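Residue numbers (this note's numbering), protein chains in the order written: chain A, 1 to 343; chain B, 344 to 686; chain C, 687 to 1021; chain D, 1022 to 1356.
It is possible that part of the hints are untrue.
Here are a few chain D residues that face chain B, going by a calculated C-beta distance under 8 angstroms [stated by the list, open to error]:
1. 1047
2. 1065
3. 1161
4. 1195
5. 1294
6. 1298
Honestly, the hints are just simulated from the structure, not real lab data. Since the model is a prediction, treat every value here as computed from it, not as a measurement. For glycine and all other residues, C-beta sits at the position ideal for the given N, C-alpha and C.
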Amino acid sequence: MSTATEQRTLTMAKAISEAIGSEMERDERVFVMGEDIGSYGGIFSATQGLLDRFGRERIMDTPISEAGFIGAAMGAATAGLRPIAELMFVDFFGVCMDQIYNHLAKNTYMSNGNVKLPVVLTTAIGGGYGDAAQHSQCLYATFAHLPGIKVVVPSNAYDAKGLLIEAIRDDNPVIFMYHKGIMGLPWMSYFEGATTEVPADEYTIPFGQARIVREGADLTIVTLSQMVQKAKIAAEQLAERGIDAEVIDLRTLVPLDRETVAASVAKTGRLLIADEDYLSFGLSGEICATIAERSDTLPLKAPVRRLAVPDVPIPYSRPLEHRVIPQVDDIVAAGAEVVGAGG
Amino acid sequence: MSTATEQRTLTMAKAISEAIGSEMERDERVFVMGEDIGSYGGIFSATQGLLDRFGRERIMDTPISEAGFIGAAMGAATAGLRPIAELMFVDFFGVCMDQIYNHLAKNTYMSNGNVKLPVVLTTAIGGGYGDAAQHSQCLYATFAHLPGIKVVVPSNAYDAKGLLIEAIRDDNPVIFMYHKGIMGLPWMSYFEGATTEVPADEYTIPFGQARIVREGADLTIVTLSQMVQKAKIAAEQLAERGIDAEVIDLRTLVPLDRETVAASVAKTGRLLIADEDYLSFGLSGEICATIAERSDTLPLKAPVRRLAVPDVPIPYSRPLEHRVIPQVDDIVAAGAEVVGAGG
Amino acid sequence: MDPSSDQLLSMYETMMVIRNFEESMVAIYLEEKLPPDVQAGLAFDIAAGPVPGEMHLAAGQEAVAVGVCAHLGDDDTLVGTHRPHHFAIAKGVPLDRMAAEIFGRADGLSRGKGGHMHLFDPAHKFSCSGIEGASMPPAVGAALAAKKLGKDWVAVAFLGEGAANQGTFHESMNLAGLWQLPVVFICEDNHWAISVPKERSTAVSSNASRASAYGMPGVDVGHNDPVEVFEAAGEAIGRARSGGGPTLIEVKTDRYLGHFQGDAEVYRPKGEADALREHDPIPHLAGQLRERGVLDEELQKELEERARARVEEAYEFARNSPYPDADEALTHVFA
Amino acid sequence: MDPSSDQLLSMYETMMVIRNFEESMVAIYLEEKLPPDVQAGLAFDIAAGPVPGEMHLAAGQEAVAVGVCAHLGDDDTLVGTHRPHHFAIAKGVPLDRMAAEIFGRADGLSRGKGGHMHLFDPAHKFSCSGIEGASMPPAVGAALAAKKLGKDWVAVAFLGEGAANQGTFHESMNLAGLWQLPVVFICEDNHWAISVPKERSTAVSSNASRASAYGMPGVDVGHNDPVEVFEAAGEAIGRARSGGGPTLIEVKTDRYLGHFQGDAEVYRPKGEADALREHDPIPHLAGQLRERGVLDEELQKELEERARARVEEAYEFARNSPYPDADEALTHVFA
Ligand SMILES: Cc1ncc(C[n+]2csc(CCOP(=O)(O)OP(=O)(O)O)c2C)c(N)n1
Ligand SMILES: Cc1ncc(C[n+]2csc(CCOP(=O)(O)OP(=O)(O)O)c2C)c(N)n1
Ligand SMILES: [Mg+2]
Ligand SMILES: [Mg+2]
């Protein structure tokens, strides 16, 4: 029996399905559409068990028609419902992006706020398990670059539940991007740091507040999603080398908590960005801009260092994939370099 | 009669249609597909006069089926042709992005170079004429962030012809993005600096070489496309205030000429980025990263300053649109500020 | 289901309002856009004048809008296209605030943020967009919501015959047929998609014939007749309202003007538009009304005058409305 | 057009190669993926073993591939799906280099960069992808190229019945019908799109019936019979080759295994797959061949053995091939 204070250790997948379920209990207007979210429970278990609780009217399997059903989610929101639509892999955004970025993300602005669109898009991101170029991308920067949709990228179960409930209650479009390699699925190896204690009852985490995962004095590591778990391990290894790294989990890209990043760099004077999206024209550049725009008050002891997928598609072969997706060792090496470079 | 040395002053639109026409003469495998590219000559005149010269077999009007005909362009390239496909406005990318970024841009890599895809996508970008949120975007950073497609963004007629011929002869996918406000159309006010002398015969401009439009000692202005024309005017006004600005036209984003940017900032110690795409997670951030990664050798006399669309959709009403798209005055004011800030 | 005389009269009046709104815009749009006011060398400047940007007018297509909207109430959703004025007027969107929006003014539906292709009026469940084929998925969603909420609301998506070749057509029709939703798709076949005629864009002659691919009825409505549209739409909307599922209707209609204003129509056979105007449904409907004995010279003058006056007032309202403050551009990205 | 005995025999042999390749992969795929080799608490680790990532096998769907590919030469383009092995094998893609690609090795078709869902063999004009509905536009383009080049090449796009509800279906069919291109679309109806059965994804029972919306013939091929597929495909491909335009064929076929390996199939009626195997087309075809007197016990054993050996050698080749150098990941983004 769950009480207000009960704590359970949950995988991120369970935290997500719990958040959706509790919001569906709380608000009849909330429903879910997507491919294989019903009897299958979602390919990544984000809707596990919900069909039995809520039935086919509110847990709706769809045809393979993303532009159709995501546009329909927007239309249903216009009519007063609060849809959650799952895009199975973010890699598929290209078949439905017009509905997302030209309509869902713009209609509120184009209507001067007269149209509210409480739609949550849930989608799976990330690689590292050999799923190759069309099923392993992160792409959060692609969404963050286009105005009108909030971008949430949790790194662990506790945050996932609180951020998702916040997203479902938000009157704006939100894309909630969960990394497959931290969901704690029984069929995919994962970083166990993402499986955390999660309160049984509801709570929300406000958007735009980065979390300092580990305090440190020598180096700021700005990261998000699965890479937070890699960075935590890397920070411990750096500590053994006498390097005290501060690890910042951005948690949301839109809104972006620039202040926490700036304050940390003001303290450490050194910045490493660990990102699983493509390197150029993305997240790592935006973090650099945040620093460059404050260069008068943020003197750097060493050049900023960026780790990300080096502008190549994700290759299938394991050693190749391992080479392009930043690993714990890469973070350790880069961190040591940055501090070393600082003398 | 045109001789090898003949110079004519051409609008960018004429330079583009001339480049396509001469390449079609030279290589039978080149053909064009798109909406209203035939008898209409292209909504922005990029294919003016080509239907009469080459006929419907090589200048093919298509249905409003961008995913279909852009995917077909890729298929035709696989079979040995060299298609040019026009996406009328870049704002429509969302209906066809999967074919562009998951297939056209990745098949060469996924086949380890065994598949060559010589496809040029031409598309119109930019605002400033009251066409509102779905017909005024630039989005070049969205394409530059995703690996596998070269991104070309010319600022004037001379460059447009040389870069487009280079693109058509390239064995890789290239997106060629022309700004409506520098095409020199008889129905849209434009910046006349983009209408230049253009040699009658063929020439190419290699990708990845930025152009120093104006040399200067006090401030580096990094820009592209129509904004280059605004920056030239702004630089003259800054000169009147005794500020000597260097203006860099990036010309291509993929590949990106980081060295020219770095060398200029090494000289001036001050950087202003003037961009018409959205501010965050885009071009201006990537330029900042280029500097931040070299902060040890590139001391800044003042914080980097970014001008771009401030993460809002493009509003319709003229004063609002004018407010969000950086104007000559904004460049002048920001430039003066940066230099002022440097004391 | 035959229209009553009152219904016919109001359709007639609304058609005149639409026609007047569109044809008045032809001149307004050109204000300050022609030499010598504009940059030297330009024939025309799309960026100048009280109404910048593209302008898609629906003169000739009034019959489709009024024949359908005669069956719709404020609770019914209408999603229009890039050529949206006739739909908006027929759906009851306030003319003055719509005109002000098109002028980019502070009294506009969205204080000028949306513009001509992006008119939003939640009170009348009206919206539209500049993206071809994008009207259908949201209409499917509105219909899904009606079904979930147990309301008898209907959603209507309009599209052009050119947009019928966009993938969203297929996905939306399939969802509507699969879930048996209260949505009606109305394809305006004005023969042209900018410069591309239907026979060079569409593998079959009738889009209505495509309805069978989704298990829904498809209806062809012959030449631009408001009464035929009224009847076909009435049946389809009635069926949708009573749980009978979706319908696809294609109506042959006429584009009297260029695709957008400033379009030289080089691609269009000389005199085509003039010939089409000879079948103008407005005088034709007036004739029918006279036959029915519900319209006489005097009433006709009165209705014409009233339509003219309404449009004139709306445009006056727009002209007199101030521009919004530039910094409003930074608001309402999020609700 | 009836298949000759030789054609039937080679179809039969190819089906056995495919079946053997797929069923051997079931075991290979599990190598190192099960406890105790994997992270504690996991039932299975998709990331581990010689073949990581998703694995979509086509056991049960061989008839579609061989019946179609019997009519294709190296100059004909085939674009497959996320479930591509049977198409690749039937099209003549070298088994050893294909296996090596699936193992991510240096002797793979693309030195391991593509993987199971991304097999590219330009010599046989074979490609596939992991995106539903994405096979059709490139096939349309290959057919367009054939027409432009005056060649009698044909392009075939395969898709699943689930993918038939993706917008690219509509856009591609319309282009093919409009331009009368030498392309044939083959829809594999195995009833399931992962866990979603056709009746909950598709508003009509037959995708072939949708062909009329594009002015092309639509053909339904009944239950998973390689000879029926051969005949329908032969007619369609012959028509395309001789300038008669496109065809859409839907073939009822069976998915014997999970959607991908590791799929517990909770959504699937118990025993469904076993029941389907009772109609296995391979023994059925063997029976037909025996009736024709072209197959006897001995030859059957020989063919089975040859198929087994070919697959075993291919997987051996893959296992013995080295991994590519990690830095190869940075090459070939551009040609
Ligand atoms: C996805 C997309 N592609 C292209 C365009 C450019 N465009 C605007 S209107 C139009 C023609 C539309 O024709 P139709 O659907 O018949 O409507 P009509 O203009 O005839 O009313 C085109 C191609 C667009 N707005 N959206
Ligand atoms: C655009 C897109 N949406 C969703 C998916 C995820 N997905 C992969 S296979 C599949 C089901 C495909 O069903 P079907 O087309 O019938 O082919 P089958 O698996 O039965 O061979 C789905 C939904 C995808 N790969 N691409
Ligand atoms: Mg039309
Ligand atoms: Mg299937």
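The hints, checked one at a time:
1. 1047: violated, 25 angstroms
2. 1065: violated, 26 angstroms
3. 1161: holds, 4 angstroms
4. 1195: At about 6 angstroms, which falls below the 8 angstroms cut-off, the nearest Cβ of chain B leaves the hint on residue 1195 of chain D intact, so it holds.
5. 1294: It is violated, given that the least Cβ distance between residue 1294 of chain D and chain B is near 31 angstroms, above 8 angstroms.
6. 1298: For residue 1298 of chain D, the interface hint is violated, since the closest Cβ of chain B sits about 34 angstroms away, which is over 8 angstroms.
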